[in-house]
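Heads up: the protein sequence lines correspond to chains A and B, in order. The opening residue of the first sequence carries number 1 in the numbering used here; numbering runs sequentially from there. The opening residue of the second sequence carries number 252 in the numbering used here; numbering runs sequentially from there.
One or more hints might be untrue.
Derived lysine-lysine pairs resembling DSS-like cross-links, with alpha carbons at most 25 Å apart [to be verified]:
no.	chain 1	residue 1	chain 2	residue 2
1	A	Lys244	A	Lys79
2	A	Lys129	B	Lys304
3	B	Lys315	A	Lys207
4	B	Lys497	B	Lys344
5	B	Lys312	A	Lys244
6	B	Lys369	A	Lys59
7	A	Lys59	B	Lys344
8	A	Lys207	B	Lys312
9	B	Lys373	A	Lys59
10	B	Lys315	A	Lys79
11	B	Lys501	A	Lys129
12	B	Lys312	B	Lys267
13	B	Lys304	A	Lys79
14	A	Lys79	B	Lys312
Treat the hints as calculated values from the structure; they're not laboratory data.
Residues per chain are reported as follows:
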Amino acid sequence: MRFTSLENALRLLDLLSVDEPELGIYEMAERLGIADSTAHRLATTLMSEGFITQDPNTKLYRLGASVLALGHVVTGQSKLYTASKAALQLLVNQSNETAHIGVLREFDVVYLNKIECSHPIRLLSHLGKRNPVHCTSSGQVLLAHQPSSYINAFLQRGLEQYTSRTITDPAALLKRLERIKEQGFSFCEEEMHEGASSLSAPVRNRKGQVTACVTLAGPMQRINQYTASKLVKLIIQTANEISKQLDCAGR
Amino acid sequence: MEKRDYSLSSVRNGMKILRLFTADEPVWGVTEMAERVGLSKSSAHRLIATLHKQGYLEREKNGKYRLGLALLSLTGIITAQTELYRESLPILKELAEELGETVHINVFEGSHVVYLHKVECKQPVRLLSDIGKRNPAHCSSAGKVLLAYQGQEAICRFLQKNELRSYGPNTITDPEDLLDNLMQIKRQGYSIAVEEMHEGVVSIAIPVSDYTGGVTAAISVVGPLQRMTENRFSVYVKTLQKSGRKLSEKLGYIESVQLG
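Please build the complete structure, drawing on both the sequences and the hints.
Structure below.
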């Protein structure tokens with residue numbers, strides 16, 4: 001497969017992941033399947049525009065400050081981000097769990113905002129992280145409210161197994177989606193990560209369409225069938241408040 | 252040569268297009284972008300199509316563009332990383348000092364184990380400078396410990412996808428043996444690899460958990476067999492476990508839920 005230079009530059013940015021935030025020029029060239037000299041030219045260009053930066057000691061490259069600035073433009077511009085910020089913070093204060101705003105992009109769920117609970121760090125999710133739809137509560141609640149044409153297209157792509165509890169049977173997933181629509185929230189236990197669970201409720205735009213969701217995620221010791229009813233009440237409240245804010249913002 | 256120069260300028264122009272977007276001017280049309288960056292409309296169009304396809308730009312109903320969520324993902328990587336660096340580095344430094352050997356913090360990626368940080372020991376002889384950043388999971392202590400806590404399905408998928416290639420004199424190449432070993436690792440809460448990846452090299456690793464209760468990283472110590480002798484393994488394990496608990500706590504792990 002041949003890529004244009006710009007495509008290769010974006011692929012290079014994608015290489016710098018949470019797991020591997022720093023890479024050397026030879027590693028990047030190898031992973032991208034391009035010549036070292038080409039990788040060097042790409043890196044130099046990206047660096048001159050501030051998208052990556054080089055550690056002067058190790059010579060490794062990592063993402064640069066331009067990216068942070070543009071990230072702020074994305075969130076600052078998003079009506080959903082602005083409308084949800086206060087309600088999401090309130091939810092975190094009330095539940096002491098980490099809260100997210102999720103939206104669909106193609107066939108993934110992406111986290112547009114994330115507010116941490118008092119536990120200082122999390123490795124499983126980050127802002128902008130793309131997660132599979134069928135094994136996350138956020139993905140399921142968003143999927144449940146999509147037109148059947150979208151759901152069918154999604155099912156045709158196959159349901160990859162992540163844990164022993166991932167739903168991989170399309171019929172079982174459809175049944176789950178029906179239930180989510182009836183009960184107004186989704187609850188996933190260990191469907192993507194062992195030991196982790198999450199709860200999501202739908203956010204609606206002015207036309208009543210589900211365009212986003214509110215999600216709480218954490219360890220099963222804290223988010224489980226015993227604590228769910230209290231947390232569900234809180235996320236539904238939050239989701240309704242955000243829907244209301246979106247409605248106001250649209251007027 | 253001409254073509255290479257063009258390549259560079261296309262990347263530069265692509266990045267310049269992205270940088271046009273600000274809080275004050277968050278929406279741009281193709282013609283405006285072309286004008287501002289100094290491109291023909293058709294060249295701009297080509298670059299914009301690529302940025303759009305990769306999620307860096309999103310198209311509005313009126314045909315104009317705004318920045319896409321792919322950028323947000325890059326932002327998230329920076330912040331997540333900064334926090335992880337901040338939390339783990341002091342602990343690793345202390346550990347390297349205490350053990351007098353090189354220590355790493357590792358995460359699992361695909362079928363490899365990748366280390367995020369390495370803190371070198373002060374020993375004059377560092378045999379291990381040739382050990383890379385990315386190693387096969389089945390023959391490193393960190394890889395095995397991360398694999399052991401992945402759950403049965405993930406382990407089976409790993410075994411189906413990966414051939415257990417031999418790297419050192421003691422590499423486990425039989426899937427059944429590896430499974431047994433992984434089960435043992437989970438029971439005991441640590442893994443030791445003696446000459447499984449390199450001759451004369453030992454590594455010992457313990458799991459690190461985060462707020463979800465799941466194992467997300469591993470701390471390992473790596474050194475030559477001459478220094479890291481078998482009679483001292485238990486000392487290494489205890490010291491590693493102390494650091495592991497400290498880091499897990501900083502990552503939001505609740506102590507009452509014991510591992511293994």
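Please work out if B:Lys312 and A:Lys244 have their alpha carbons no farther apart than 25 Å. 23 Å, holds
Would you check the hint for B:Lys315 and A:Lys207, treating anything up to 25 Å between C-alpha atoms as holding? 23 Å, holds
With a cut-off of 25 Å on the C-alpha distance, tell me whether A:Lys129 and B:Lys304 pass. Holds. A:Lys129 to B:Lys304 sits at ~17 Å (cutoff 25 Å).
Distance restraint between A:Lys59 and B:Lys344, which requires alpha-carbon spacing of 25 Å or less: At roughly 21 Å apart (the allowed maximum being 25 Å), B:Lys344 and A:Lys59 satisfy the hint.
Is the straight-line distance between the alpha-carbon of A:Lys79 and that of B:Lys312 25 Å or less? 16 Å, holds
When you check the alpha-carbon spacing of B:Lys315 and A:Lys79, does it fall within 25 Å? 17 Å, holds
Does the alpha-carbon distance linking A:Lys207 and B:Lys312 stay inside the 25 Å limit? 16 Å, holds
Between B:Lys373 and A:Lys59, does the CA-CA distance stay at or below 25 Å? 22 Å, holds
Holds or violated: B:Lys497 with B:Lys344, Cα cutoff 25 Å? 13 Å, holds
Given the hinted pair B:Lys312 and B:Lys267, is their alpha-carbon gap at most 25 Å? 23 Å, holds
Is the straight-line distance between the alpha-carbon of B:Lys304 and that of A:Lys79 25 Å or less? 23 Å, holds
Are the Cα atoms of B:Lys369 and A:Lys59 separated by 25 Å or less? With Cα atoms ~15 Å apart, B:Lys369 and A:Lys59 stay inside 25 Å; holds.
Checked against the numbered hints listed earlier, the structure breaks none of them; every hint is satisfied.
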